[in-house]
Amino acid sequence: MKLTTLTLVATFAAGAAFAGGMVAPADVAFTEDGAVEASLSGAAGDAANGAKIMTTKSLGNCIACHEVTALSEAPFHGEVGPMLDGVADRWNEAELRGILSDAKRTYDGTVMPAYYKVDGFTRPGKAYTGKAPDGPLDPLLSAQQIEDVVAFLMTLKDE
Amino acid sequence: MKFKAMTAIAALVISAPFMASADADDDELVVNGEITMVTKTAAPAHLADDVDEIISGWHFRSDETQIMQADDFDNPGMIFVEQAMDDWNTVMGTKDKSCASCHGDVEESMAGVRTVYPKWNDAKETVYTMEMQINDCLTDGMGAEPWKKSGAKMARMEALISVQSRGMPMNVAIDGPAEATWEAGKELYYTRTGQLDLSCASCHEENYGNRIRSDHLSQGQTNGFPVYRLKNAKLTTAHGRFKGCVRDTRAETYKPGSDEFIALELYVASRGNGLSVEAPSVRN
Chain R
1 MKLTTLTLVA TFAAGAAFAG GMVAPADVAF TEDGAVEASL SGAAGDAANG AKIMTTKSLG
61 NCIACHEVTA LSEAPFHGEV GPMLDGVADR WNEAELRGIL SDAKRTYDGT VMPAYYKVDG
121 FTRPGKAYTG KAPDGPLDPL LSAQQIEDVV AFLMTLKDE
Chain X
1 MKFKAMTAIA ALVISAPFMA SADADDDELV VNGEITMVTK TAAPAHLADD VDEIISGWHF
61 RSDETQIMQA DDFDNPGMIF VEQAMDDWNT VMGTKDKSCA SCHGDVEESM AGVRTVYPKW
121 NDAKETVYTM EMQINDCLTD GMGAEPWKKS GAKMARMEAL ISVQSRGMPM NVAIDGPAEA
181 TWEAGKELYY TRTGQLDLSC ASCHEENYGN RIRSDHLSQG QTNGFPVYRL KNAKLTTAHG
241 RFKGCVRDTR AETYKPGSDE FIALELYVAS RGNGLSVEAP SVRN
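Chains R and X, in that order, give the protein sequences.
Residue numbering for the first sequence follows the numbering used here, beginning at 1 and increasing consecutively.
Residue numbering for the second sequence follows the numbering used here, beginning at 1 and increasing consecutively.
Since the hints were made in silico from the structure, they are not lab data.
Take every hint as true, because none was put in to throw you off.
Pairs of lysine to aspartate or glutamate residues, derived as EDC-like cross-links and limited to a Cα-Cα distance of at most 20 Å, are as follows:
| no. | chain 1 | residue 1 | chain 2 | residue 2 |
| --- | --- | --- | --- | --- |
| 1 | R | Lys104 | R | Asp119 |
| 2 | R | Lys131 | X | Glu252 |
| 3 | R | Lys104 | R | Asp27 |
| 4 | R | Lys131 | X | Asp248 |
| 5 | R | Lys131 | X | Asp259 |
Work the whole structure out from these sequences, hints included.
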């Protein structure tokens with residue numbers, strides 16, 4: 001079971017040169033406060049790609065809920081979550097990785113989705129089809145995509 | 001709560017989105033210059049712990065969309081009401097009857113009906129939606145085929161019946177024999193579904209007034225259903241809308257007409273008790 005999950009995640013992150021240091025969603029080590037210390041992909045993140053993931057509807061779609069001044073060229077920023085300007089002054093890299101992977105470990109009961117989680121859901125479906133899934137779920141973002149978004153968030157400093 | 005190391009600024013930013021209701025506008029809805037709609041009113045007693053005021057989805061739409069609903073000549077949903085008027089008078093099925101054969105003038109016989117649906121059906125010993133009643137009339141009363149659940153014919157007949165209650169306050173019963181179904185609906189309303197792990201309350205109770213991408217979140221009331229949606233240029237039933245909302249949580253949806261959606265319809269309708277029936281409303 002764990003093996004299939006691993007392979008799935010590995011294929012999902014196609015484009016990464018190697019899956020060496022990859023952590024599967026079920027194996028992510030959260031601190032008591034919900035942070036994740038180590039890179040999920042074993043590699044560094046690409047901030048420019050992170051910005052793209054955040055504004056792409058089929059990927060992070062983060063701006064559906066968050067306003068980000070640095071991404072103001074993309075249309076339709078929402079207001080369900082807090083404005084993310086200066087977010088790197090409030091949280092360190094490990095904390096941001098934790099919020100992205102499973103925000104409920106940082107914010108009890110939050111509406112922010114867990115981007116690196118594949119089980120424990122009620123009636124999960126096959127993406128946005130409304131149908132039952134064909135097999136195990138993929139996380140909303142791959143390990144490397146999470147790292148890319150974290151790298152972008154780390155550039156959001158006011159001070 | 002695990003809020004650690006939050007700066008004062010962060011705490012401020014986070015509390016802001018929840019001061020939401022101020023975002024509903026203060027416009028007034030008077031249809032055809034004569035039916036004044038109650039589009040905001042005190043929440044019914046059963047919601048006392050959840051919201052103070054209930055607000056029609058009409059308040060969250062743009063001025064251009066709002067105004068289409070103020071006059072039947074501008075309301076594209078009224079075309080479907082006219083089509084349903086033909087259905088009302090059409091003889092169907094083996095018993096050679098039309099709806100009118102039993103119910104006469106729809107304006108008289110159906111006034112007020114919409115305000116109490118879904119409601120307990122004594123003979124069938126279960127909660128009935130208007131759609132279930134219509135299908136019983138078709139099959140048992142007329143010897144005709146039932147119509148597709150949430151289909152186009154069903155939606156327009158519901159619109160014709162609902163329009164006879166326009167301006168009257170929603171008033172579904174939540175106690176007595178309907179209570180167990182209402183409780184089941186409430187449970188569903190607060191259950192988070194799908195990979196996004198969101199419940200109806202996540203969007204329509206905690207975040208109404210906020211924008212989610214380009215959409216302005218309402219309280220998700222059903223007093224305007226069936227609604228004419230500009231997006232797909234046709235009438236949408238409450239179950240059709242529920243299905244879309246559940247799908248948007250990346251969940252496996254329930255089916256229109258399912259026990260789950262019947263219970264949810266009763267519960268969501270009860271959250272609008274006191275708001276005027278607006279059907280067919282206009283939304284994007």
